[in-house]
Amino acid sequence: MRSIFKTGALALAATTMLSGAAFADAHGVSGPLRIFSDMSNPAPRAVMEDMVARFEEANPEVEVELVITDREAWKTQIRNVLQSGGADIVNWYAGNRMAPYVEAGLFMDISDLWEEGGLTESLASTQGSMTMDDGIWGVPYTYYQWGVYYREDIFEELGLEAPTTWEEELSNCQAIIDSGRACYTIGTKFLWTAGGWFDYLNMRTNGYDFHMALTAGEVEWTDERVRATFENWAQLIEMGAFIDDHQTYSWQEALPFMVNGEAAAYLMGNFAVAPLREAGLTDDQLGFYQFPQINPDIEPGEDAPTDTFHIAANAENVEAAEAFLLFVTSAENQTLINNGENLGQLPVNANSTVDEDEFLLAGFDMLSNNATGGIAQFFDRDAPAEMAQVAMQGFQQFMVDPSTLDQVLMILEQARSRIY
Amino acid sequence: MFPRPIQQYGPAARVTYQTLLPLALLVWLIPLLAVIWFSIKPGEDFTTGNYWGLPTGEAGFQGITNYLTVFTQSAMPQYLWNSVVITLPTMFGAVALSCMTGFALGVYRFKGNLLIFFMFVAGNFVPFQILMVPVRDLTDQMGLYDTRTGLILFHIAFQTGFCTLFMRNFIRALPRPLIEAARVEGVSEFRIFWFVVLPLMKPAIAALCVLIFTFIWNDFFWAVVLTQSPESQPVTAGITAFNGQYRAMYHLMSAGSIVAAIPPVAMFFLMQKHFIAGLTLGAVK
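Same order as they appear, the protein sequences are chains W and P. Our numbering puts the first residue of the first sequence at 1, with every later residue one more than the last. Our numbering puts the first residue of the second sequence at 1001, with every later residue one more than the last.
The following block holds chain P by itself, in its conformation from the complex (with noise of 0.2 Å):
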């Protein structure tokens, strides 16, 4: 078995994996430990420079009035809504495609499926910052700019790629016997895709639908592309409206960092097996 577990090496060994650890997982999390920190500070502590310290003014953590403010007195209900609007429909779109292209390119032996699935995956590998200019200029034709809609279009579009590689990969891996016994029943290509295939897909779909809802609702690239109102912008670009023309508030944009994350890391924990099954799915033969 490797790696060998840390139970079966020496005394000083385990004495300095149990040191280390700790130690690497602070150092690791320090960035976002102060993101938390900061958060609950009042705005004044970093005009006066106490950046770690406990505050210095008399009304003590802002931590309440700091979120309060970013519910409040910023568009952030807003920029939450809009990144719900955005995720959960191209979570559908994308997921709802790829297991159709996924079905096809894996059940079906044509000419061309191979070259389909290569150009499906190939869209991965193009750098999505030689695309930007193009396709603001494309959103922008077609009055998509600054719309909620022209962002669903166009992460539906880019992610559905990586979902046919994944779901196609899944539907090789699929019994044949199921498909051609339904086949030899008579049963219609469609509603072997419906009452064969798809409930076979489930645990593919659940970790894809889990690994979606994350990239979406984390991209920031194409947010701050294609959108520029508080009316389409999703949470992770609002979050600079807390950079004033002139000044960061620091604190708010902290509390604002928090509120926006919580949403994938509850997804993390509440579907960690979906999420590990999505990164692992496929690696082993």
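The following block holds chain W by itself, in its conformation from the complex (with noise of 0.2 Å):
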């Protein structure tokens, strides 16, 4: 199967690298481009460093300037220099986290260069997170997977199978519970990681667009259908199958349980596989699986928090721009930066090959191909900020206490009211 869908990527490849390669020369792109970044982790800033590099030595007559900012300070910094038209291109995420940006007009909408260079084929997973409006206004260049990882071996012990629908998750959990473990470690000190089982557990209990509608604030928190996944949530709560006092732990601070046994599975970014080799799990003893099924019907949504690329509304060196950005999602591009030795996640082009990993290579698959439903951006991205912290402090106190969910449902409905 690996081996037809890699030929098949290679043709693909060979076609749009053409076509790519066609849109940027036809331009024969020159002059200065300012690009603002905000990957200032070590990894992620060598990586820049080295793209823009690359992109230099390709085309010769451009002069990239590169302006590397804070992570954290970027977020605030970044519509000053939107507005103040010092940059060509800047670093932000995809979703909803656009909006303010797309609506005050300061990202160019780049529909053109998606049809012409062939990024909506190549990169179909993402084009849903980059468009809003009726326009696409950027493009990724790295994301990865949320799902559950598990201990296939404690899997093994007890006879058990990772279950796909929402009866097996429940028998399978009440096994698990059976043998003296808990079901899914969890640290909600930081409230992001119960910010994960709800995005998980509405969108399959109500699908993706239900989900976008109700972190962009059109539904209400008090519906019906929020108070079924809250029910959904609270089946595993109180047949206990999260550890205790997960209010006091760091999602890392909660690792040591799942590596030594006590718990069976942490629903988590991929981020967490590295730690849990660390520590000693093999692949053999690590497995993943999709969040499973809860209502049959829905198609599944996926967490897959993406970070991007725009072009300024008013870039000065549009069409050098726009070649940094075929540039950069170009699949061997991709390839190449998001390997292990570099960021380590998931390429955005379907055409690009992902490292021989386990996970890496389930989560490639599971975004091209069983993502159907849409891909979410995690909820304190899809959600504006003050709701997001609401909210995930009334995930963190409904999991501490289910019996207060009515309570907590009000507080987010106050909260919505307020924010939006």
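No lab work stands behind these hints, which were simulated from the structure alone. Glycine included, every Cβ here is placed at the ideal spot set by N, Cα and C. Hints may contain errors.
Claimed, not checked - Facing chain W, a subset of chain P residues (Cβ under 7 Å, in silico):
no.: 1; residue: Thr1047
no.: 2; residue: Thr1048
no.: 3; residue: Gly1186
no.: 4; residue: Ser1188
no.: 5; residue: Gln1228
no.: 6; residue: Glu1231
no.: 7; residue: Ala1241
no.: 8; residue: Tyr1246
As the list claims (entries may be wrong) - Derived DEER-like restraints, expressed as beta-carbon distance ranges:
no.: 9; chain 1: P; residue 1: Thr1065; chain 2: W; residue 2: Glu103; range: 33 to 39 Å
no.: 10; chain 1: P; residue 1: Val1126; chain 2: W; residue 2: Asp357; range: 52 to 58 Å
no.: 11; chain 1: W; residue 1: Glu167; chain 2: P; residue 2: Ala1261; range: 29 to 35 Å
no.: 12; chain 1: W; residue 1: Gly261; chain 2: P; residue 2: Tyr1009; range: 53 to 59 Å
no.: 13; chain 1: P; residue 1: Tyr1017; chain 2: W; residue 2: Asp283; range: 56 to 62 Å
no.: 14; chain 1: W; residue 1: Val400; chain 2: P; residue 2: Val1085; range: 29 to 35 Å
no.: 15; chain 1: P; residue 1: Val1126; chain 2: W; residue 2: Ile419; range: 45 to 51 Å
no.: 16; chain 1: W; residue 1: Ala213; chain 2: P; residue 2: Pro1127; range: 41 to 47 Å
Please dock the two separately framed chains into a single complex, following the hints provided.
Take a look at the structure:
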């Protein structure tokens, strides 16, 4: 199956690379290009600098001026930079996080580039999350999957299979609890981990579109459908699926429960794999499955936080900027920057190759073929920051004491009517 | 004499003192001991939940590996160098300026002397958090944001206030007849400063240098506000680089913290006498 996929991919890669190159050459790009990046952590920083160097080598007429800003500081600076017209290209995030800048007319609509550059095919999996108000506002350069990482050896010992339906999930979980373990480890001290659980339960209970409407503030939190999501969650909480005292652990501090076999699984992003491997779990002990289906009529939506590049609406060197975006998303560059030595995440271009890594391959396959509902960015990126804070506090409180559901929903609804 | 020496108390009080003191010391040092302990443990111990026990892996303690990693796999040498480049000029600059301002305010009687002095002192009462945004904007507009020069200039400006208070009071306490005698001899004011006052200020200068060195080396706030790249960040801010985008490397962060703490701690033990003099100078009239 993989070999077919790979040959197909290669053929496609060749064609897209050709068309991409042709598109870039047609303009004969030159001049200064100002890029503002937030890839400030050491590894991403090296990737960014290398990417610029390779781009300059391929386009000797272009002089790139690269400004790298601290990732957190950038969140408050991007508006200034875009408004002052100092940048041609900026880093940002996909999904609703783009909304303030799309609505303010600060990002350039690059739908044409997507059409002509063949991106609508090669980047199909993320096109939805880059689209807003009938325009496409940027290109992704990396993402990673979320899903359930589990102890295959514990599942085998108990004679369990990775669940695909909610009934299997509940019966699996009961078996794990009966063996004296928790089904899931989680550390909700910094709240966002609970946001992941809500994302998946809501997307499986009500679907991707409903989840997007809810995070965009269009649905009341006291809605019966939201309540249904929480009821599914309460099923797990009340049977004792989660570890005790999870509100006192960070996500890292919750890892030992899984390593030591006190919990069987962890709903987490792919960045959890590296520390789990370091702690001595082999790939035979560690497995990955997509969050199980709850409502069979609903297409699965997935969380895959995506980092992006955008062209500023008032960019001065649009041609060079477009060439850079095509360069970033090309299959070849995607394969390189997302490999294990660089970002260690998933390439966004379907024609790229993924490192021979069980989890990256599983994630790449899942997001490319089985995220038909849509790709969400994660709760605290999809909802406005203030709403996300209140809501995730509510999720934590609910996880600690599910009987407070009515109170939690009321607080969330009040916040919704105030914030949006 | 107050407090009464412990030897003069009864045996019960002495035994209580002797048992409680080491205990209190231990409690006081636990955070530091934890950092030292973490810095020699392998990273996977934090994922297996083995925070306090002996290392579980076959490799055992990873102290040497951790410290080597800190020096070879990260920008730590650069950060340390930045700290030196930021701290030493600030120390010289602030102390040199305050020697001069202290001399002017301490020796000359002129209108507004007290007002100027109060303005130097008043700067110390402004909480620096409220300066954060304007100072950041200022450095940005001057093209000094994310440069070591920007940080040095700001530190000199901010520290000079405190140093002036210190120096002015010290010079005030010097015997005035010395200066007057020099004037009678016809020595120029600058030579009085250079040959009469400055040599007398040596203990104050030494004490201030030690204080300012530790202040600036340990500064975290302004390092984070005014710099952001490995080319300009001092070591206190650079340690956060071990906090990856997703994951905190506790063992490397601990090792890095120890390395970063060594210069000020060494400074303290080598210059203990001056340090304590710096804290008490002028306290007793």
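Here is what the structure says about each hint:
1. Thr1047: holds, 4 Å
2. Thr1048: holds, 5 Å
3. Gly1186: Given a least distance of 59 Å, the restraint on Gly1186/P is violated.
4. Ser1188: violated, 51 Å
5. Gln1228: holds, 4 Å
6. Glu1231: Violated, because the Cβ-Cβ distance from Glu1231/P to chain W comes to roughly 11 Å (cut-off 7 Å).
7. Ala1241: Holds, because the Cβ-Cβ distance from Ala1241/P to chain W comes to roughly 6 Å (cut-off 7 Å).
8. Tyr1246: holds, 4 Å
9. Thr1065/P - Glu103/W: 33 to 39 Å: At 51 Å between Cβs, range violated.
10. Val1126/P - Asp357/W: 52 to 58 Å: holds, 54 Å
11. Glu167/W - Ala1261/P: 29 to 35 Å: Distance hint for Glu167/W, Ala1261/P is violated at roughly 56 Å.
12. Gly261/W - Tyr1009/P: 53 to 59 Å: holds, 55 Å
13. Tyr1017/P - Asp283/W: 56 to 62 Å: Holds, since Tyr1017/P and Asp283/W (Cβ atoms, about 59 Å apart) stay within the stated range.
14. Val400/W - Val1085/P: 29 to 35 Å: Violated, since Val400/W and Val1085/P (Cβ atoms, about 49 Å apart) do not stay within the stated range.
15. Val1126/P - Ile419/W: 45 to 51 Å: violated, 34 Å
16. Ala213/W - Pro1127/P: 41 to 47 Å: At 44 Å between Cβs, range holds.
This entry does not satisfy hints 3, 4, 6, 9, 11, 14 and 15, going by the numbered hints stated previously.
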